[in-house]
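Peer 1: With the hints as your guide, set chain B onto chain Z.
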Amino acid sequence: MDLTYSLGLVIPELVLTLSGLVLLLVAAWGGNEASKPVSIAACVALGGAFFLTAPAVCAGASGPDTVAFFGQLRIDAWAGLAKLMIYAAAGAALVVAPAYFDRLKAMRPEFAILVLFAALGMSIMVSAADLLALYIGLELNSLAAYVLAAYLRDDDKSAEAGLKYFVLGALASGILLFGMSLLYGFTGTTSFSGINVAIADGLSGGQLFGLIFVLAGMAFKISAVPFHMWTPDVYEGAPTPVTAFFASAPKVAAIALLARLSLEAFGTQATAWQQIVGFAAIASIVVGALGAIGQQNIKRLLAFSSINNVGFILIGLATATLAGASAMMIYLAFYVAMTVGSFVALLMLKDADGNQLETFGDIKGLSTTQPALAWCLLLIMFSLAGIPPLMGFYGKLVIFRAAVEADLIALAAIGIAASVIGAFYYLKFIKVMFFDEPVDAVKGKSDWAHWALLVIATLVISPIAFLGTEWLGGLAEAAAAALATAG
Amino acid sequence: MIHTLAFYLFAVLVIASGAMVVLARNPVHSVLWLILAFFNAAGLMVLVGAEFIAMLLVIVYVGAVAVLFLFVVMMLNIDFAELRAGFIRNAPLGAVIALILLAELVLGVGAYRVGIIELGTPDGSAAPLLGESNIENIGALLYGRYLFLFEMAGIILLVAMIGAIVLTHRESRAHRAHQNIGKQVARRPDDATEMKRPEVGQGVEL
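Keeping their order, the protein sequence lines are chains Z and B. The opening residue of the first sequence carries number 1 in the UniProt record's numbering; numbering runs sequentially from there. The opening residue of the second sequence carries number 1 in the UniProt record's numbering; numbering runs sequentially from there.
A portion of the hints provided could be inaccurate.
[Stated by the list, open to error] Chain Z is faced by these chain B residues, among others (derived, beta-carbon under 7 Å): (1) GLY120; (2) THR121; (3) PRO122; (4) ASP123; (5) ARG145; (6) PHE148; (7) LEU149; (8) MET152; (9) ILE156; (10) VAL159; (11) ALA160; (12) MET161; (13) ILE162; (14) GLY163; (15) VAL166; (16) LEU167.
[To be verified] To be clear about the criterion: a stretch of chain Z counts as covered by chain B if any three or more of its residues have a C-beta under 8 Å from a C-beta of chain B, and this derived list gives those stretches: (17) 110-118; (18) 133-140.
These aren't lab readings, by the way, just hints derived from the structure by calculation. Every residue gets a Cβ at the ideal spot worked out from N, C-alpha and C, and that includes glycine.
The shape of chain Z in the complex, shown without the other chains (with noise of 0.2 Å):
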């Protein structure tokens, strides 16, 4: 386990920290006028990383050799599965962010830079093997994503959100981190293996406090109920490009690196931490589904309408089986996609100057004016609803029938019956869109990157991809094992 066979893993990162690197002296010398070259080598960086852990992924990579630097890290398939969805969704948030920037004469090449490194950030968390690794990685995502949310400076929402967001978070990594040294002082490991040996026969007292508090900490990550309070006003705040960023790639990095930590640190310990996660769960549903009945800004509402998704992941997680993890990888592929798809559309919504809508009223009788648009939406709503031949039900379907294998029933029947409730405000956009006096306020043009984002969004929600599925599942299933044979 020498360190050269420990970078060769670690290839795409270092991809990542390089460009990143790189480009910050490209940004330094060539200025503004270098954002869009800047952007566009960031995209290709994000590919490259891409391309080199689709290999690992396909050949469902588990085992010791896939442990770097001394167990740090562990470059297995579930880490991969997830790393795609990421860099897939960061590259998204970097085509986006140019056309929105630029209106506001705001595009600097710092921003592509920062979302490289968030993306690094993330793709440490989710190959987390260590405590150490886990807080490295979520503190260079997080700091990233600070700065990104406060990126308009000028304008006093996008401070606003930055500041919140900085602030809570910070306290949520203090949490965390309190948690993750009680867990090092009664273990006297930082390993998650080593951790799962220490607390075989039992959690003493200490020890269990050092796990609540950790949950806790990465609760707020993923912005489960009770730690969710944060999310509508930084959603909303936050440049748009950027709230497609956060809604999308760093919730599949914490929940990702949430699952590692329970199933393979407290695997053993299952029924202390699955009552929480049961009760994040279905808080998540509920508070997600109520909450977004009475907004009328769109980006508020996708916000807890990313709470609701939260939850249905959780109990996904709740089971505390495989069969449970790889339905929660599936349950993310698609989500990222309604996400990106759905962030997207809110984009194309513009006037004739180009100024963006973001509300209810702007986008009425949007099928008579926009028809395309309206029908991808009418699409990405559905899926996120859970109408069957849509591929958010078939993600909502996994999730429910590990929860059933797992005799969660209860767990199922509430989510279910909370989805028919968050099914009401999904609905409420097609009523707006198909059935309400066209106020023809969407006039912008979007360039030939934002309707090719939609339609593919489009493509991989709809009955199509069932297609995909099996294929799908596959790799799920060997991310999934990646997990049990690592401990």
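Peer 2: Frame of chain Z, contents of chain B only:
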């Protein structure tokens, strides 16, 4: 023998300068006493064989933190008479907090002596190299076992720096008062002055 003497010297000085931090009337003196306390604490650390922590104390606390304190204290215009005015009113609250702290101290020491806290046993992954100083041990760990995370911590600091610059740096559009020698030399009397011959009683139109 010399160890014992040095220990008592450092320990007495730490306590004395710690007391002076609280008692000094002038806050600048307080900070200076604090620096003395840090130096003596560093001496104590050397005595127990933790020379790395001793150096950290001197470099980080004395070199950076205490000097920062000093600047802040000197720059802020604090009215100390006003600060002390509420002393009697707030004294009961202070006493309660002091009591809580005392109880915590007693509890902590008591629990430690009973040996009630069952901590985990170290897994040996960070076992010290025998016969090396702890600076070399820490270096070997940071640049060996934890190399990747150490480098990534560097990237975190870089991101923090990029963030600070992105959020605060503004290209100044206003003209800066730089001297342009070429422009000065090229200036002729004809450009700068204008001769006028006003009619009597008419005045000058500027």
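Peer 1: Should the interface hint for VAL166 of chain B be scored as holding, given a Cβ-Cβ cut-off of 7 Å against chain Z?
Peer 2: holds, 5 Å
Peer 1: Tell me if the interface restraint on MET152 of chain B is satisfied: Cβ within less than 7 Å of some Cβ in chain Z.
Peer 2: holds, 5 Å
Peer 1: For the restraint on LEU149 of chain B, tell me whether the closest CB of chain Z is nearer than 7 Å.
Peer 2: Result: holds, 5 Å to nearest chain Z Cβ.
Peer 1: Mind taking a look at whether chain B covers the segment 133-140 of chain Z? Criterion is 3 or more residues with CB to CB distance under 8 Å.
Peer 2: holds (count 5)
Peer 1: Does the closest beta carbon of chain Z sit nearer than 7 Å to the beta carbon of ARG145 of chain B?
Peer 2: At about 5 Å, which falls below the 7 Å cut-off, the nearest Cβ of chain Z leaves the hint on ARG145 of chain B intact, so it holds.
Peer 1: Less than 7 Å between beta-carbons is the criterion; does LEU167 of chain B satisfy it with respect to chain Z?
Peer 2: holds, 5 Å
Peer 1: Was the hint right that PRO122 of chain B lines chain Z, CB cutoff 7 Å?
Peer 2: holds, 5 Å
Peer 1: Are 3 or more residues of the segment 110-118 of chain Z near chain B, judged by a Cβ distance of less than 8 Å?
Peer 2: Result for this restraint: holds, n = 4.
Peer 1: Checking hints one by one. Is PHE148 of chain B an interface residue toward chain Z, by the C-beta closer than 7 Å rule?
Peer 2: Hint holds; PHE148 of chain B Cβ to chain Z Cβ min 5 Å, cut 7 Å.
Peer 1: Less than 7 Å between beta-carbons is the criterion; does ALA160 of chain B satisfy it with respect to chain Z?
Peer 2: holds, 6 Å
Peer 1: With a cut-off of 7 Å on the beta carbons, see whether MET161 of chain B makes it to chain Z.
Peer 2: MET161 of chain B check fails; min Cβ-Cβ to chain Z is 10 Å, beyond 7 Å.
Peer 1: Classify the hint on GLY163 of chain B as holds or violated, based on whether any CB of chain Z lies nearer than 7 Å to its CB.
Peer 2: holds, 4 Å
In summary, the structure is inconsistent with hint 12 from the numbered list given earlier, while agreeing with all the others.
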